[in-house]
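Got chain X; can you put chain W on it based on the hints?
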Amino acid sequence: MEKNSTKNLILTLATIGIISALLLTFVYEWTTPYIQAKQAQAQKQAINEVLPGVEEVEEVEKNGNIFYEGYDADGSQIGVAFQNSGGGYNGAIEIMIGVDLKNDKIYKISVLNHQETPGLGARITENEFKSNFEDKAFGDYSVVKTPPSEEMQVQAIAGATISSENTTRIIEDGLEKINSAYGGGN
Amino acid sequence: MSLDFKQVVSDFKNGLWAENPIIRLVIGMCPTLAVTNTTENGLAMGLATSFVLIMSEIVISLIKKLIPANVRIPSYILIIATFVTFVDYFLKAFFPGIAASLSIFIPLIVVNCLILGRQEAFASKHSTPRAIADGIGMGIGFTWVLVLLGAIREFFGMGSIFGFTLLGDWYRPMVIMVLPAGAFITLGILVGVMNYISREGK
Chain X
1 MEKNSTKNLI
11 LTLATIGIIS
21 ALLLTFVYEW
31 TTPYIQAKQA
41 QAQKQAINEV
51 LPGVEEVEEV
61 EKNGNIFYEG
71 YDADGSQIGV
81 AFQNSGGGYN
91 GAIEIMIGVD
101 LKNDKIYKIS
111 VLNHQETPGL
121 GARITENEFK
131 SNFEDKAFGD
141 YSVVKTPPSE
151 EMQVQAIAGA
161 TISSENTTRI
171 IEDGLEKINS
181 AYGGGN
Chain W
1 MSLDFKQVVS
11 DFKNGLWAEN
21 PIIRLVIGMC
31 PTLAVTNTTE
41 NGLAMGLATS
51 FVLIMSEIVI
61 SLIKKLIPAN
71 VRIPSYILII
81 ATFVTFVDYF
91 LKAFFPGIAA
101 SLSIFIPLIV
111 VNCLILGRQE
121 AFASKHSTPR
131 AIADGIGMGI
141 GFTWVLVLLG
151 AIREFFGMGS
161 IFGFTLLGDW
171 YRPMVIMVLP
181 AGAFITLGIL
191 VGVMNYISRE
201 GK
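Protein chains in written order, with this note's numbering: chain X, 1 to 186; chain W, 1 to 202.
Just to be clear, a hint being listed does not mean it is correct.
Unchecked claim - Once the Cα atoms are required to be at most 30 Å apart in a straight line, the calculated DSBU-like pairs of lysine-lysine come out as:
id : chain 1 : residue 1 : chain 2 : residue 2
1  : X       : 3         : W       : 65
2  : W       : 13        : W       : 64
3  : W       : 125       : X       : 7
4  : W       : 6         : W       : 64
5  : X       : 7         : W       : 65
6  : W       : 65        : W       : 13
7  : W       : 64        : X       : 7
8  : X       : 44        : W       : 125
9  : W       : 92        : X       : 130
10 : W       : 92        : X       : 108
11 : X       : 38        : W       : 92
12 : X       : 3         : W       : 125
Note that these hints are calculated values from the structure, not bench results.
Bound conformation, chain X alone (with noise of 0.2 Å):
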């Protein structure tokens, strides 16, 4: 058989094709579990920082949306958190938001995933940015570029402003799904 006819070169390509197909499949199969294992961990490590003394969580589906709901050693709920995305100044950015729910406000917020850019954008997952948002009614922030010195203002990171405001609204939108879900009052 002639190595460039049509039937040698398909049954080569669809061989390797096979034997590649084969080899991932035993990667899929070996690696899956401990991606799926890594994510929860960071999920889970994401309600506990911001919903501050939880003891359990149960997870409750409103509106097509899923919310985390946290209670303490005696039963009482804490709050609820919430897991919004958005997109960002390179890709989507996925906080974590932990609401108290009796008082309207923002225990603390977090961020799980981000592709902003490092040492500008990426300073959104810094204690410093996120603060911002600690104890903050619900309701509309406007970012702001000098320290904010009115409750609904949240100050931007120099040179970030896209991902500053980015992140605002995608905490705003998160506050407005869980005020639709649990009715929270205005």
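Relative to the frame of chain X, chain W by itself:
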């Protein structure tokens, strides 16, 4: 087939300086410019690319006689893609931090012309031991330039190296260095300096 030891050593050394993929051949520019904003990213990208390069060179030099010339490029790409997917899963499972910071640039190793270029120019023409030497040499050559680029950009852009802060609060970071423009500027200066050094030697 006799194996010339000197030949293997010179194949290995080739990638370190004389035909360094970044500063001499100027190939594989996409990851070079995109991910070297920190030292750690540069190192991780260099190692991931080296792994794919060495493994594909081994496989392709072994089966080069079985692949018909008309489908050699798609065959190489399939083999390279297999190893890249392996690296992608592996990093996600065991080094989620690195996988997150390199994100899309790991799958993009498939189209890194350094890898395909070495298969076409070297692995498909030479014996397996020489291909391994070439892969390791090119891999180290690629990695050290990425680490150097990442270190320079992180130092001036963030005042740190490998995440350790070296310059205190008095230092005002040059933001441009961690942005894409900083990559072009640093790479340009680096290539210029390297050219100057090698010309001096002559």
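Checked hints:
A C-alpha spacing of about 10 Å is found between residue 3/X and residue 65/W, which places the hinted pair at or below 30 Å, so the restraint holds. For the given pair, residue 13/W sits about 24 Å from residue 64/W by alpha-carbon distance, which is consistent with the 30 Å threshold. In summary, the hint linking residue 125/W to residue 7/X is supported, as the alpha carbons are separated by about 24 Å, within the 30 Å threshold. Straight-line distance between C-alpha atoms of residue 6/W and residue 64/W comes to about 23 Å, which keeps the hinted pair within the 30 Å bound.
Distance restraint check for residue 7/X and residue 65/W: the Cα-Cα separation of roughly 17 Å lies within the 30 Å cut-off, and the hinted pair is therefore satisfied. With a C-alpha separation of about 26 Å, the suggested pairing of residue 65/W with residue 13/W holds against the 30 Å cut-off. Proposed proximity of residue 64/W and residue 7/X is supported: the alpha carbons are some 18 Å apart, at most 30 Å. A hinted pair counts as satisfied when its Cα atoms are at most 30 Å apart, and residue 44/X with residue 125/W does not qualify at roughly 52 Å.
For the hint pairing residue 92/W with residue 130/X, the CA-to-CA distance comes to about 26 Å; that is within 30 Å, so the pair holds. A threshold of 30 Å between alpha carbons decides the hint, and for residue 92/W with residue 108/X the separation of about 27 Å falls inside it, so the pair holds. At most 30 Å may separate the alpha-carbon atoms for a hinted pair to count; residue 38/X and residue 92/W meet this at roughly 9 Å. Only pairs whose Cα atoms come within 30 Å are accepted, and residue 3/X paired with residue 125/W is accepted, the gap being roughly 17 Å.
In this structure, the one hint that does not hold is number 8.
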